[in-house]
Amino acid sequence: MVSLNYSGVWISEGHSISFYSLDEDTMEITENYRVKGKEVNTTQKVNLQQAIDYQERYIKLGYDKIS
Numbered sequence: 000m001v002s003l004n005y006s007g008v009w010i011s012e013g014h015s016i017s018f019y020s021l022d023e024d025t026m027e028i029t030e031n032y033r034v035k036g037k038e039v040n041t042t043q044k045v046n047l048q049q050a051i052d053y054q055e056r057y058i059k060l061g062y063d064k065i066s
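Start counting the sequence shown at 0; every next residue gets the next number (numbering that gives the first Met the number 0).
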């Protein structure tokens, strides 16, 4: 599998993960999901390789790109 990172949103079973490029070396990852009826939102800024690894893990788990 070629390591590529795409800005956009991936989703599976109510869990969404958004990837946005901040610059050529940094990505922002935002996750949204519900736990025990509460909406949970997290945001992290990571280097490009970390974002690629994170994104590939969820793609392998079957997450679909919706935007």
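Bear in mind the hints are in silico, worked out from the structure with no lab data behind them.
A virtual CB, placed ideally from N, CA and C, is assigned to each residue, including glycine.
Any given hint could be a false lead.
In the SDA-like style, the derived pairs of lysine to any residue whose C-alpha atoms are separated by at most 25 Å in a straight line are [to be verified]:
#: 1; residue 1: K35; residue 2: S6
#: 2; residue 1: K44; residue 2: G13
#: 3; residue 1: K37; residue 2: Y5
#: 4; residue 1: K37; residue 2: T25
Per label pair, the in silico range of CB-to-CB distance [said to hold, decoys possible]:
#: 5; residue 1: R33; residue 2: K64; range: 27 to 33 Å
#: 6; residue 1: E12; residue 2: N46; range: 27 to 33 Å
#: 7; residue 1: Y5; residue 2: G36; range: 29 to 35 Å
Now for the hints, and whether the structure bears them out:
For a cut-off of 25 Å, the pair hint linking K35 to S6 is broken: about 29 Å separates their Cα positions. Annotation: proposed proximity of K44 to G13 holds, straight-line Cα distance about 22 Å (limit 25 Å). With a C-alpha separation of about 29 Å, the suggested pair K37 and Y5 falls outside the 25 Å cut-off, and the hint is violated. As the CA atoms of K37 and T25 are separated by approximately 29 Å, the hinted pair breaks the 25 Å bound.
Between R33 and K64 the beta carbons are some 21 Å apart, a value that contradicts the proposed interval 27 to 33 Å. At roughly 28 Å, the beta carbons of E12 and N46 sit within the given window of 27 to 33 Å. In this structure the hint that Y5 and G36 lie 29 to 35 Å apart at CB holds, the actual value being about 32 Å.
The structure is inconsistent with the numbered hints 1, 3, 4, 5, although it conforms to all the rest.
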